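Undergrad: Sequence:
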Amino acid sequence: MAGFVKSLDQKHLVTIGLEGFYGVEKAGNVGLNPGKWAASLGVDFIENSAIENIDFTSVHAYPHSWIKGGINSDARVDFLSHWVDSHISEAEKILKKPVLFTEVGFPSSIQKNGLYDRNIFLKIVYDKIYESAKKKRAGAGALVWQLLVEGMERYGDQFSFIAWKHPSTYKLMVEQSCRLLNISCLANAS
Numbered sequence: 138m139a140g141f142v143k144s145l146d147q148k149h150l151v152t153i154g155l156e157g158f159y160g161v162e163k164a165g166n167v168g169l170n171p172g173k174w175a176a177s178l179g180v181d182f183i184e185n186s187a188i189e190n191i192d193f194t195s196v197h198a199y200p201h202s203w204i205k206g207g208i209n210s211d212a213r214v215d216f217l218s219h220w221v222d223s224h225i226s227e228a229e230k231i232l233k234k235p236v237l238f239t240e241v242g243f244p245s246s247i248q249k250n251g252l253y254d255r256n257i258f259l260k261i262v263y264d265k266i267y268e269s270a271k272k273k274r275a276g277a278g279a280l281v282w283q284l285l286v287e288g289m290e291r292y293g294d295q296f297s298f299i300a301w302k303h304p305s306t307y308k309l310m311v312e313q314s315c316r317l318l319n320i321s322c323l324a325n326a327s
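Under the numbering used here, the first residue of the sequence shown is numbered 138, with each subsequent residue one higher.
Warning: the hint list may mix true and false statements.
Said to hold, decoys possible - Listed below are the simulated EDC-like cross-link pairs for lysine to aspartate or glutamate, each with C-alpha atoms no more than 20 Å apart in a straight line: (1) Lys205 / Asp254; (2) Lys230 / Asp254; (3) Lys233 / Asp222; (4) Lys273 / Asp215; (5) Lys148 / Asp181; (6) Lys233 / Glu290; (7) Lys148 / Asp215; (8) Lys265 / Glu290; (9) Lys272 / Glu240; (10) Lys273 / Asp222; (11) Lys230 / Glu290; (12) Lys272 / Glu287; (13) Lys308 / Glu268; (14) Lys265 / Glu287; (15) Lys205 / Asp215; (16) Lys271 / Asp222; (17) Lys173 / Glu189; (18) Lys143 / Asp192; (19) Lys265 / Asp294; (20) Lys234 / Glu290; (21) Lys265 / Glu189; (22) Lys234 / Glu184; (23) Lys148 / Asp192; (24) Lys233 / Asp294; (25) Lys260 / Glu290; (26) Lys302 / Glu290; (27) Lys234 / Glu312; (28) Lys302 / Glu229; (29) Lys265 / Glu184; (30) Lys234 / Asp215; (31) Lys233 / Glu189; (32) Lys233 / Asp181; (33) Lys265 / Asp222; (34) Lys260 / Glu189; (35) Lys233 / Glu312; (36) Lys173 / Glu229; (37) Lys271 / Asp211.
To be verified - Simulated restraints on C-beta separations: (38) Leu178 / Val214: 20 to 28 Å; (39) Ala326 / Val180: 22 to 30 Å; (40) Val161 / Leu323: 36 to 44 Å.
I should point out that these hints are in silico values taken from the structure, not numbers from a laboratory. Given the structure is predicted, the values throughout are model-derived calculations rather than measurements. Ideal placement from N, C-alpha and C gives every residue a C-beta, glycine not left out.
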């Protein structure tokens with residue numbers, strides 16, 4: 138399918154839209170999955186993203202949904218940190234393609250110490266992408282799932298939020314956009 142899209146439009150950027158799970162063939166990476174179940178879904182981040190006509194890799198991050206049970210936030214933070222690091226590293230070293238975290242979602246109802254967990258986790262993803270982009274490496278960006286405008290709440294899910302109602306999350310998103318824009322502006326100036 139990617140080849141067909143490219144035959145119609147050579148400039149059209151194509152990705153797969155996967156969660157980023159590793160398949161059973163990648164025994165060393167299976168431990169990076171959120172659980173054993175992820176390796177049995179028939180997808181593999183490296184194999185699927187290595188297809189010639191795929192321009193950039195895509196990964197999702199839903200640590201609260203993927204890791205169930207009596208796991209505390211520290212364990213989810215640790216998982217997310219390794220998840221982002223491994224995908225940035227493999228996109229750069231193995232695939233030689235940029236990686237975009239196309240869905241980063243956290244339940245809106247979970248709070249920790251008065252701040253939304255979403256902000257803690259989003260900052261981890263944003264900081265790692267920024268550090269990678271600053272060094273002209275594979276980290277390309279992250280998209281929050283799921284931003285809504287007021288009046289669209291009925292179309293949302295447990296991850297949905299309206300930015301202006303969550304100013305601390307909105308501030309993180311604006312700051313990340315500005316940081317990445319500054320990298321781009323500095324690169325174009327030299």
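Undergrad: Against this structure, judge whether each hint is valid.
TA: A quick look at each hint next to the structure:
no. : hint                        : in the structure
1   : Lys205 / Asp254             : 16 Å, holds
2   : Lys230 / Asp254             : 31 Å, violated
3   : Lys233 / Asp222             : 15 Å, holds
4   : Lys273 / Asp215             : 25 Å, violated
5   : Lys148 / Asp181             : 26 Å, violated
6   : Lys233 / Glu290             : 39 Å, violated
7   : Lys148 / Asp215             : 38 Å, violated
8   : Lys265 / Glu290             : 30 Å, violated
9   : Lys272 / Glu240             : 23 Å, violated
10  : Lys273 / Asp222             : 15 Å, holds
11  : Lys230 / Glu290             : 41 Å, violated
12  : Lys272 / Glu287             : 38 Å, violated
13  : Lys308 / Glu268             : 19 Å, holds
14  : Lys265 / Glu287             : 31 Å, violated
15  : Lys205 / Asp215             : 14 Å, holds
16  : Lys271 / Asp222             : 15 Å, holds
17  : Lys173 / Glu189             : 28 Å, violated
18  : Lys143 / Asp192             : 10 Å, holds
19  : Lys265 / Asp294             : 26 Å, violated
20  : Lys234 / Glu290             : 35 Å, violated
21  : Lys265 / Glu189             : 26 Å, violated
22  : Lys234 / Glu184             : 13 Å, holds
23  : Lys148 / Asp192             : 10 Å, holds
24  : Lys233 / Asp294             : 34 Å, violated
25  : Lys260 / Glu290             : 25 Å, violated
26  : Lys302 / Glu290             : 12 Å, holds
27  : Lys234 / Glu312             : 25 Å, violated
28  : Lys302 / Glu229             : 36 Å, violated
29  : Lys265 / Glu184             : 23 Å, violated
30  : Lys234 / Asp215             : 25 Å, violated
31  : Lys233 / Glu189             : 11 Å, holds
32  : Lys233 / Asp181             : 16 Å, holds
33  : Lys265 / Asp222             : 7 Å, holds
34  : Lys260 / Glu189             : 32 Å, violated
35  : Lys233 / Glu312             : 27 Å, violated
36  : Lys173 / Glu229             : 25 Å, violated
37  : Lys271 / Asp211             : 27 Å, violated
38  : Leu178 / Val214: 20 to 28 Å : 24 Å, holds
39  : Ala326 / Val180: 22 to 30 Å : 40 Å, violated
40  : Val161 / Leu323: 36 to 44 Å : 43 Å, holds
Going down the numbered hints, you'll see the structure goes against 2, 4, 5, 6, 7, 8, 9, 11, 12, 14, 17, 19, 20, 21, 24, 25, 27, 28, 29, 30, 34, 35, 36, 37 and 39, while the others check out.
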